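Fit chain B to the known structure of chain A by using the hints.
For reference, the chains in residue letters:
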Amino acid sequence: MSSLLFATPKELTGWLAKLAAGHRVLAPRQEGPAVVFRPQTAEQLAAADAEALLKRSTSSPKQAMLPQSETLVQFTSVKDAEDPSKLTTTLTVPEAAEPTVLFGCRPCDARGFVVLDRPYLEGPLKDPYYGARREATVIVTQACPKAFSTCFCNWVGSNPADSEGSDILFTVVDGGYALEAVTEKGAALLEGAGFAPADDKRQAVEEAHTAAAQGLAPSPDLAGAPAKIARRFTDEAFWTKETVKCLSCGACTYLCPTCQCFTITDEGSQLNGRRLRSWDSCMTPLFTLETSGHNSRAAKSARMRNRVSHKFSFYPERYSGYFSCVGCGRCVVSCPVSLDIRHMVTAAIEGIEAEAKPAATEAAPQPEAEAGKDKNAKGKPKKR
Amino acid sequence: MSENNCGCSKNPYLPEVATVLDVITESPTIKSFRVRFDNEEAWQNFSHEPGQVGQLSVFGVGESTFVINTPPSSKAENGYIQFSVMRAGEVTTAIHKLRPGDKVGVRAPLGNFFPYEQWKGKSVFFVGGGIGMAPIRTIMLHLMEHAGDYGQLSLLYGSKSPEDMAYKADLPGWLDSKVLKTTLTIDREAPNWPHRVGLIPNVLKELNPSPDDCIAVLCGPPIMIKFTLAAFRELGFKDENIVTTLERRMKCGIGICGRCNLGSKYVCLDGPVFTQAQLNDLPPEM
Chain A
1108 MSSLLFATPK
1118 ELTGWLAKLA
1128 AGHRVLAPRQ
1138 EGPAVVFRPQ
1148 TAEQLAAADA
1158 EALLKRSTSS
1168 PKQAMLPQSE
1178 TLVQFTSVKD
1188 AEDPSKLTTT
1198 LTVPEAAEPT
1208 VLFGCRPCDA
1218 RGFVVLDRPY
1228 LEGPLKDPYY
1238 GARREATVIV
1248 TQACPKAFST
1258 CFCNWVGSNP
1268 ADSEGSDILF
1278 TVVDGGYALE
1288 AVTEKGAALL
1298 EGAGFAPADD
1308 KRQAVEEAHT
1318 AAAQGLAPSP
1328 DLAGAPAKIA
1338 RRFTDEAFWT
1348 KETVKCLSCG
1358 ACTYLCPTCQ
1368 CFTITDEGSQ
1378 LNGRRLRSWD
1388 SCMTPLFTLE
1398 TSGHNSRAAK
1408 SARMRNRVSH
1418 KFSFYPERYS
1428 GYFSCVGCGR
1438 CVVSCPVSLD
1448 IRHMVTAAIE
1458 GIEAEAKPAA
1468 TEAAPQPEAE
1478 AGKDKNAKGK
1488 PKKR
Chain B
9 MSENNCGCSK
19 NPYLPEVATV
29 LDVITESPTI
39 KSFRVRFDNE
49 EAWQNFSHEP
59 GQVGQLSVFG
69 VGESTFVINT
79 PPSSKAENGY
89 IQFSVMRAGE
99 VTTAIHKLRP
109 GDKVGVRAPL
119 GNFFPYEQWK
129 GKSVFFVGGG
139 IGMAPIRTIM
149 LHLMEHAGDY
159 GQLSLLYGSK
169 SPEDMAYKAD
179 LPGWLDSKVL
189 KTTLTIDREA
199 PNWPHRVGLI
209 PNVLKELNPS
219 PDDCIAVLCG
229 PPIMIKFTLA
239 AFRELGFKDE
249 NIVTTLERRM
259 KCGIGICGRC
269 NLGSKYVCLD
279 GPVFTQAQLN
289 DLPPEM
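Protein sequences appear in the order of chains A and B. Heads up: the first sequence begins at 1108 in this note's numbering, then just goes up one per residue. Heads up: the second sequence begins at 9 in this note's numbering, then just goes up one per residue.
Excised from the complex, chain A in its bound form:
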């Protein structure tokens, strides 16, 4: 474990302002009723009230690695002077990612990137756009000072002080912040920050972590959930009942730190245009609508079933048992009709036995259950 450093609020904002000289610094900012991650200048950061940079964001910081919309490739074509029907088409891809500091994530947000890494970077073909930003970004995470009623990171193998996915983790202590490098990337960023060593704050940090963890409602037993939810798939009455209020607005998917879906569209013309990648939502009927008119998820119940199953069954089955939900609760907070994924998951697994049969689904939950336990054992400070 590396050593703790202490920064006063002024020192913290000063450090961020200094970093803004060589980095894009993304930090939470209040905009109307919402708190969103935005690039902030050295002047803005130097003048900022540290408290304002520590607010929990309304939308996830996913956009740091996956902008809502980005250019994948630009195309231009020139006509042959001799024969105008002949075109020469040239493709260009955007410049590499700029060095970025993502400040003010919560542990669930940082873990969200670990969840996205699996499809984006660990498949047979890696996503170079996501990968380049991921590499160029240092994630500075605030251990949660308290749990909100919508928080459920403890359901999915995490806790309010989890450092997974973060490069630096800091904790609010008396008079300032105790920072600790989690990775070498984090250590490098802290080098030269000029913060005082603060190993005497260790106990205060652990106490803060314990207090936050104790604020979470107990987690239900989700061992075997992937197999159970898979078995619920054909219970159409269940999914129809659970989705009856859903407006298919997609707020849950746009705010989610782990929703990975996107669409690809073209803009402009062959002579001068670009191919874009933009966030998409599995909650809209257009998502799977085929030109023939066929739609495998025409009903909203089928779409919600896919969303909940993806997070708690399909993804775990594909990726060694890990859930793709990080328990941030944003979908719960912002659903206009108060749908709650926690309720859907517990209702879906209720009364369903985790049979011994389907090998693939059965093998999946084990590693998650163990990984979750380990993480809790490591991350949760001992009770005193």
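The set of hints was computed from the structure by calculation and includes no laboratory data. All figures in this text were calculated on a predicted structure; none of them were measured in a lab. Just so you know, even glycine gets a beta-carbon here, dropped at the ideal spot from N, CA and C. Misleading hints may appear alongside valid ones.
[Said to hold, decoys possible] FRET-style restraints, in silico, Cβ to Cβ:
1. B/Arg196 <-> A/Asp1342: 37 to 47 Å
2. A/Ala1203 <-> B/Arg241: 50 to 60 Å
3. B/Arg241 <-> A/Lys1253: 53 to 63 Å
Same frame as chain A, but now just chain B:
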């Protein structure tokens, strides 16, 4: 300058610019497009397996997924790969307007392929319905080139009407082939039609192929698949010997964008080729 500077060895979203060499009008709604990459090195490095798909794009309009419609030998022998495209929406309408010399984007090959190595020594019965003949053509031509490795090869190809039948240039050769037993059928009687009349599942039952040491490979619209699958089962074919290739709306083609999943499997990456036995283990969400 079609290289990538994303810091990765290969950018899977970056298409190869290709030139349309030839356009074949197959039916009132289907055209085949023969294309070759402009970048000679990329073209030399290209290879595919029967059943793999590609994203074909018209710049400024968009991409759509189509099976590579020629067998692997075509690249060297003919100097092109082919896509058969049914005109249906925005992108396919733009593709249908293409003429020789026009530029397209190609991202290929994507997905898995027919496990033809495992079929060696067995008979193979192909069934193609409508545009579903496109992937069947690829694997069938490939097996015909290696007919000695397989038992009897048979084809049942059906369309609504004689006009809707694609690959008219291929049909005489298929009907006369020494290595392929070909049966053609249309849904309803038409003048001067010398072949069968009747829906594919019914004709299949009349043909009554033996399930012994035989692989069934089928592709077509969902309703045809449903009843043809039932017919094969009735004839005694086991689900692990019934192979199909699926179609779903796709965008990325590499298992990330999230829309073509069947449970935990992505049709673009883990498919599009599945045995019926594999599909039985996935959620019934077609």
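Now the hints, each set against the structure:
1. The supplied range of 37 to 47 Å is met by B/Arg196 and A/Asp1342, whose beta-carbon atoms lie about 41 Å from each other.
2. In this structure the supplied range 50 to 60 Å holds for A/Ala1203 paired with B/Arg241, their Cβ-Cβ distance being about 54 Å.
3. A hinted range of 53 to 63 Å for the beta carbons of B/Arg241 and A/Lys1253 is consistent with their spacing of about 59 Å.
Checked against the numbered hints given earlier, the structure satisfies every one of them.
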